[in-house]
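S.K.: These are the residues of each chain, in order.
Number of protein chains: 2
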Amino acid sequence: MKNKIGGYLETNVFSSDKDDSHYIYLVIGMAKECASHTEHGPFSAIIVKDNEIVGSGINHVTKNNDPTAHAEIIAIRDACKNLNTFVLKGCVIYSSAEPCLMCEGAIKWARLDRLVYSATAEDAQRGGFDDLVFKTSSTPHKILNRQEGSKVFDIWNNNNKSIKY
Amino acid sequence: MKNKIGGYLETNVFSSDKDDSHYIYLVIGMAKECASHTEHGPFSAIIVKDNEIVGSGINHVTKNNDPTAHAEIIAIRDACKNLNTFVLKGCVIYSSAEPCLMCEGAIKWARLDRLVYSATAEDAQRGGFDDLVFKTSSTPHKILNRQEGSKVFDIWNNNNKSIKY
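Chains A and B supply the protein sequences, listed in that same order.
Just so you know, the first sequence maps onto residues 0 to 164 in numbering that gives the first Met the number 0.
Just so you know, the second sequence maps onto residues 0 to 164 in numbering that gives the first Met the number 0.
Chain A on its own, in the form it takes in the complex (with noise of 0.2 Å):
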């Protein structure tokens, strides 16, 4: 999705509350409208660069049986796909709602520059949804065999053909 926002560009051409506000109006509106159908959980995200929108997602966690599908993963996806990058320096992320832990990971992975975003991770739990839960509970985990796999990271820093990230 490339889009320029026509006519608003011209009096904004660095990033303000002014642009924000605009951003943040598409990506309500588009969760509005996926709250109101079955298919779709209730968020949407874009990604902006140089008053841009360069990437979109809304949710597909029950419609595409994948539960990584909220928006901003696939926003995030979509941007990489478009731009040809793993990198999105120089972009902003607008979200519907706060990211939840796995969203706010994949921020940092793609190197955002910024994020804004309207619901909080509060409302969202009106809305029956976990976030909250998540940012302080914890999968029943252990670690097997550290010795073994830290190996790994000795056989990729003499991989001198290794792409870093």
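Hints in this document: simulated from the structure, not taken from any laboratory.
A hint or two may mislead.
Pair ranges (Cβ atoms, derived) [as the list claims (entries may be wrong)]:
hint: 1; chain 1: B; residue 1: 135; chain 2: A; residue 2: 28; range: 33 to 41 Å
hint: 2; chain 1: A; residue 1: 137; chain 2: B; residue 2: 127; range: 38 to 46 Å
hint: 3; chain 1: A; residue 1: 64; chain 2: B; residue 2: 28; range: 23 to 31 Å
hint: 4; chain 1: A; residue 1: 135; chain 2: B; residue 2: 35; range: 35 to 43 Å
hint: 5; chain 1: A; residue 1: 36; chain 2: B; residue 2: 88; range: 23 to 31 Å
hint: 6; chain 1: A; residue 1: 159; chain 2: B; residue 2: 164; range: 41 to 49 Å
C-beta atoms are modelled at their ideal positions from N, C-alpha and C, and glycine is treated no differently.
Go by the hints and put chain B onto chain A.
M.R.: Just chain B, lined up with the frame of chain A:
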């Protein structure tokens, strides 16, 4: 990827350290393979249900230009596709390294029963990966128009055909 591990299962009906050691051995081996090539980051994961491998993944970040394509994310998507569900209750995920913030969140959303991993985030840092940094860093962010964004969840709650997850 659906494989019975021939012979081994007969004496290991229930999850045990012996089972866990076996599956960790597999993911470490896969990660070592990845680490010695340029196409993939040095990580791998598998998902096991009832002693059967129901999903697997290796890192595709640089290969696919997708910062979300960590081994665990790909394994979760693969298992969900194979089992035709967005809920992986009853499944265990084995990862060659400690899941990052993003993958930790994905594991929670997928409702995986357990996590077993080998290398730690400290080990991954030795390989140049920012997992540890991300646990304490924060992307610059702001909340905008929360009141309007919050209404999305009222629409969602009033939609009796919505699929909760």
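S.K.: Which earlier hints can't be squared with this structure?
M.R.: Violated: hint 2 alone.
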